[in-house]
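Colleague: With the hints as your guide, set chain U onto chain P.
2 protein chains.
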Amino acid sequence: MNDLFLRTCRGETVERSPVWMMRQAGRYLPEYLKVREKVDFLTLCRTPELVAEVTLQPVDLVGVDAAIVFADILLPLEAMGAELKFVKGDGPCFPQPVRRAEDITRLIVPDVDETLGYVFDALRLVRRELNGRVPLIGFGGTPWTLAAYLVEGGKSKSFAHLLGWSYRDPKGLRQLLDKIADVSITYLQRQIAAGAQAIQVFDTWAGLLDRQRFREVALPSLRRILDSLQNTVPLIYYANGGGHLLAELKELPVNVLSVDWRLPLDEVRQLVGNRLTLQGNLDPTALLSTPADIRQRVARLIEQGRGGGHIINLGHGILPMTPVDNARAFIDAAQELSVTNS
Amino acid sequence: MNDLFLRTCRGETVERSPVWMMRQAGRYLPEYLKVREKVDFLTLCRTPELVAEVTLQPVDLVGVDAAIVFADILLPLEAMGAELKFVKGDGPCFPQPVRRAEDITRLIVPDVDETLGYVFDALRLVRRELNGRVPLIGFGGTPWTLAAYLVEGGKSKSFAHLLGWSYRDPKGLRQLLDKIADVSITYLQRQIAAGAQAIQVFDTWAGLLDRQRFREVALPSLRRILDSLQNTVPLIYYANGGGHLLAELKELPVNVLSVDWRLPLDEVRQLVGNRLTLQGNLDPTALLSTPADIRQRVARLIEQGRGGGHIINLGHGILPMTPVDNARAFIDAAQELSVTNS
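Each protein sequence line maps, in turn, to chains P and U. For the working numbering, count along the first sequence from 1 and bump the result up by 33. For the working numbering, count along the second sequence from 1 and bump the result up by 33.
No lab work stands behind these hints, which were simulated from the structure alone. A couple of the hints might just be wrong.
Since the list gives no way to pick one copy over another, a pair counts as held whenever it fits inside one copy or between any two copies.
Restricting the straight-line Cα-Cα distance to at most 30 Å, the calculated cross-link-like pairs of lysine-lysine (DSBU-like) are [what the hints assert, rightly or not]:
id, residue 1, residue 2
1, Lys188, Lys118
2, Lys118, Lys212
3, Lys118, Lys204
4, Lys188, Lys71
5, Lys190, Lys71
6, Lys190, Lys67
7, Lys190, Lys212
8, Lys121, Lys67
9, Lys67, Lys188
10, Lys212, Lys67
11, Lys190, Lys283
12, Lys283, Lys212
13, Lys71, Lys283
14, Lys204, Lys188
15, Lys212, Lys71
16, Lys118, Lys67
17, Lys121, Lys190
18, Lys71, Lys204
19, Lys188, Lys212
For reference, chain P alone in the conformation it holds in the complex (with noise of 0.2 Å):
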């Protein structure tokens, strides 16, 4: 039984530091193309059966210290009634956009267990599938980041929609903000009941904010799930391009901090303090080099990671392009060169 990835984030020493990747069920590997080519994305996300499937293909074949359930940050917000497409090359799309302060009503308080029991059942299938060999990390998106796509409706550059809204109506948006808590938090509760081990939230989208506006507007809704999660499983906070937040992401009350390719992670650290374990953060079109050179920035990751926790992981979501020979240089890298951080 390899519980590296609990008592690391629990802050114990370890013998190695684990390793796992976002996005590692995913597109990258011929073995989850195979079970795309049978089912479009969300019947795949609704399928327990097949979401164990895919989620436990990175632990057999690429060899990580965790499992992190197949499905889709925007699921809640499809369960509260928000239509949610799938269209190819262009990523998610909200046809019909929440936008101001009466659109919010549009959207539902749903049963979790109704709506989304296909994810805890899910959970608990990968629980059982695993017998114990790795944790199996549950997850969801903060409401800021959810917001961001339920406002904008589909792809988007400049987030005007989502920031115009922010400051022109600060009050109405915090509203739809603490509507998706609402529902997170039992959706995070009721993973955590079928067998999530530890929870992530990512915040993709942090990075838009400065500090000041990110305390205002954002983390309200976002601190009202992580009070709600505590004494439960080790909790992991994961924003990308967020290096000017530090100084805030510090006092979140979670085990673990994940962070992007942008900042080493030693200067992190000196940043954070080291009562966190911090998670990360590769560069992940570095996998797109050679398994010599990945190796090589490996060692150094772990160089830089010294003097706290450490998950090894990347700073973003593997691509899709990514050679699997690649992602497996990176997995056995990090176990093969990383020692205890004691």
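Modeller: Here is chain U on its own, set in the frame of chain P:
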């Protein structure tokens, strides 16, 4: 004659801080849209009389303290032989992206006067029509940022082609950056000869790199450009998402560092020192709020900008959906509320 902008670039003590807006000649102005009804984007760029017309619009209609010639940073790439298209809604697109060392030979180092003469003609015309009212800025993209567009070919979320290349074959990519720099040097020198009184280089995608990789990959070709322009006119370097690069950026041989909105200007000043004038940095989506709110934010921005030269600007380009009255509120507040920084 209002030369506040140039004096502030040079670090002189001024009566008040000057103000202009990135993309101030653009779609938020009905008068600009009227011009665009007659011609497409590239035709507009290539017609000096129309360029002069839209370049002067924000001077006449909004009252900015500097004009910036209307152009696109990608024009030099087109002059190098890369076919460039503007697809409505999708932005610029290179149907034949440059993705490996062999592709670079497809690019030529053109006679800049022949291929980009329309930009210099426009600068001469604008200078004449401005007749000294406000200074005129010329500009270009950095090799790294131009390459980002040329290598990806179109919209990109992960910049996997560019970044993958940078890891796999850094020498090859640097050849591309150097070839772009060769053309940029002449292009910017000719802009100065044609009347540009300051040069801003845009590094929209600098923030994709960590500090070490910025130094290794992006900086050498950028430095060649900046060095070639020493002792000519004031130089401004703009980075988006570059907060983590400031320790490097403060060493650039420029007069002005232009920053996005993610870090408050007083923190930037602390990290950068006061050799450089700072330019920025109101969040452009703040202009989607109300004039009263904008005025308050400008007051705070001016406060945060004290302690060194400050050119008031946005942290990124003004958005097409910005109400003109809000743009005016920004300019008016900046001009009314800023006082000597001596």
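Colleague: Determine for every hint whether it applies to the structure shown.
Modeller: Against the structure, the hints:
no.	hint	verdict
1	Lys188 - Lys118	both (12 Å within a copy, 20 Å between copies)
2	Lys118 - Lys212	within (21 Å within a copy, 43 Å between copies)
3	Lys118 - Lys204	within (28 Å within a copy, 42 Å between copies)
4	Lys188 - Lys71	both (26 Å within a copy, 29 Å between copies)
5	Lys190 - Lys71	between (33 Å within a copy, 27 Å between copies)
6	Lys190 - Lys67	between (32 Å within a copy, 25 Å between copies)
7	Lys190 - Lys212	both (25 Å within a copy, 29 Å between copies)
8	Lys121 - Lys67	within (17 Å within a copy, 35 Å between copies)
9	Lys67 - Lys188	both (27 Å within a copy, 27 Å between copies)
10	Lys212 - Lys67	neither (37 Å within a copy, 43 Å between copies)
11	Lys190 - Lys283	both (28 Å within a copy, 27 Å between copies)
12	Lys283 - Lys212	within (25 Å within a copy, 43 Å between copies)
13	Lys71 - Lys283	neither (43 Å within a copy, 54 Å between copies)
14	Lys204 - Lys188	within (25 Å within a copy, 33 Å between copies)
15	Lys212 - Lys71	neither (35 Å within a copy, 47 Å between copies)
16	Lys118 - Lys67	within (21 Å within a copy, 36 Å between copies)
17	Lys121 - Lys190	both (18 Å within a copy, 15 Å between copies)
18	Lys71 - Lys204	neither (44 Å within a copy, 42 Å between copies)
19	Lys188 - Lys212	within (23 Å within a copy, 33 Å between copies)
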